[in-house]
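Please arrange chain Z on chain G, whose structure you already have, making use of the hints.
There are 2 protein chains.
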Amino acid sequence: MQDRLAADAAAIQGHFDRVLLDFGTGPVAEAMRYATRGGKRIRGFLVRESARLHDVPEAATLWPATGIEALHAYSLVHDDLPAMDDDALRRGQPTVHVKWDEATAILVGDALQSLAFEMVAHPDCGPPAIRADLALSLARAAGGQGMVLGQALDIAAETAALPLTLEAITTLQAAKTGALILWAATAGARMGGGDLAPLSAYARALGLAFQIQDDVIDVTGDAHAAGKAVGKDAAAGKATFVSLLGLEGARARAAALVDAADDALSCYGARADGLRALARFVISRQN
Amino acid sequence: MQDRLAADAAAIQGHFDRVLLDFGTGPVAEAMRYATRGGKRIRGFLVRESARLHDVPEAATLWPATGIEALHAYSLVHDDLPAMDDDALRRGQPTVHVKWDEATAILVGDALQSLAFEMVAHPDCGPPAIRADLALSLARAAGGQGMVLGQALDIAAETAALPLTLEAITTLQAAKTGALILWAATAGARMGGGDLAPLSAYARALGLAFQIQDDVIDVTGDAHAAGKAVGKDAAAGKATFVSLLGLEGARARAAALVDAADDALSCYGARADGLRALARFVISRQN
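If you read the protein sequences in the order shown, they are chains G and Z. Quick note on this note's numbering: the first sequence kicks off at 1 and runs consecutively. Quick note on this note's numbering: the second sequence kicks off at 1001 and runs consecutively.
Chain G extracted, bound-state conformation (with noise of 0.2 Å):
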């Protein structure tokens, strides 16, 4: 599985490069390459691999693949404002409002935004009902009833006189990071014209795990291993997966989660253990 999140990996990075090309020398234009290079990609490798189990050409899944990554970017890119999480590190590196300024964030998380579209609208992607299908429930999922929402939640959350329920955290991730990772989970029923039922159960289990991880990492990992800050939520008296539950009851849940992914590709047997060597690997990440 990791050759393989590897090697799609350098494909959609590979794809950033040539299609921003074309977007010229301009600050936002160099400020949009800076923020689609690194990461993880287990958006687009959801996307591609999802894609595999129901023999979707791999030239077609390219665009899509790329097109979640740039609407993942856009997030990031928009989260790390000042008026919004206000982090200055990123993967490692300067956030593109340290780097250059806050105006040029703004532009670039909105250019990455209409890029996601482009890209799961393109004509490459396959035939109209798939672009037109690909594009609506993108926006569906990264909108005001999705990501955003989500976004606006935890804000919402950090001013609340109460801490979140365990209830409350798991809407609040199903919204934030778990719209985009459903979508991208089933892309690839969507272009294959499969069931989206097993994938999307693959894809809330898995959501919620990795969520889970992030907030085992935030207590338990170094800023240079994460790439980012961490120990805020902490310091901020948020509630997390882990203040509700425990660092240990969080890592169980995520592995009962895991167990929960596996189970819900049963349909598709072994073609599968990619996703499931995915999930696994969520839970084992140090940033």
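It cannot be assumed that every hint is accurate.
Claimed, not checked - Partial selection, computed: residues in chain G whose CB lies under 8 Å from chain Z:
id	residue
1	V19
2	F23
3	P27
4	A103
5	D110
6	H122
7	V148
8	R251
For the record, the hints were derived by calculation from the structure and aren't laboratory data. In this text, a Cβ means the ideal position worked out from N, Cα and C, and glycines have one as well.
Frame of chain G, contents of chain Z only:
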């Protein structure tokens, strides 16, 4: 024309109200409703009116007409941010970051951009080929080679050593305001399977005339009538069509562009009188 513009504006507002009901009661949803109220709806009207020329059913055009207004609304909310134009007043009301805060304004703009793509890819817009084409073309018009590029050029001009030339301002405006106007005016031909060329020529002339009139309003208007700050460009020593052509020269250029816009529509005969009247309206407006 003004009756039809008002009727389309009402239809678009009603559609926003219905769609945004589903977004709940949080601050981002509330601010999305706030940011999509009012405005002249020129872009939405261009979609509807160009579609009428191509006999596209009205029910199908409501989605893309509202979608382009969602995209326009996002651009205004982000443009007004302190790190961008830092405006406190928009359509006579406090801007989103003033009424709420910067984080909410960033998220509202982000969610409105997603909503725009959700709307143009909506099943009610027509067959998948049209929806995919609308989404792809809108993404290109909005992004780092379209509107966002124009915004970036505009910001760069503020700190440039020399004021922009007429050619540079024309290029800037073709991207900043022209790209969305071009998309809107050609949407009807896209939906009806018609030739994009006449409406493209019309839109290029209209977009430039629109921007020239904006510069005229900035010099001659008052904030109350304009519903926003005026005189900012002159105070900042920014090159504008008025500073480069003089007030009368700018007005003459706008009038010539309206004639060109008229001519571009000759193939449509009297059926395009609504679009012709819109062009005259655009250079006579005071806000």
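Each hint, compared with the structure:
{"no.": "1", "hint": "V19", "verdict": "violated, 10 Å"}
{"no.": "2", "hint": "F23", "verdict": "holds, 5 Å"}
{"no.": "3", "hint": "P27", "verdict": "holds, 7 Å"}
{"no.": "4", "hint": "A103", "verdict": "holds, 5 Å"}
{"no.": "5", "hint": "D110", "verdict": "holds, 5 Å"}
{"no.": "6", "hint": "H122", "verdict": "holds, 7 Å"}
{"no.": "7", "hint": "V148", "verdict": "holds, 4 Å"}
{"no.": "8", "hint": "R251", "verdict": "violated, 32 Å"}
Hint compliance for this structure: hints 1 and 8 are not met, and every other hint is.
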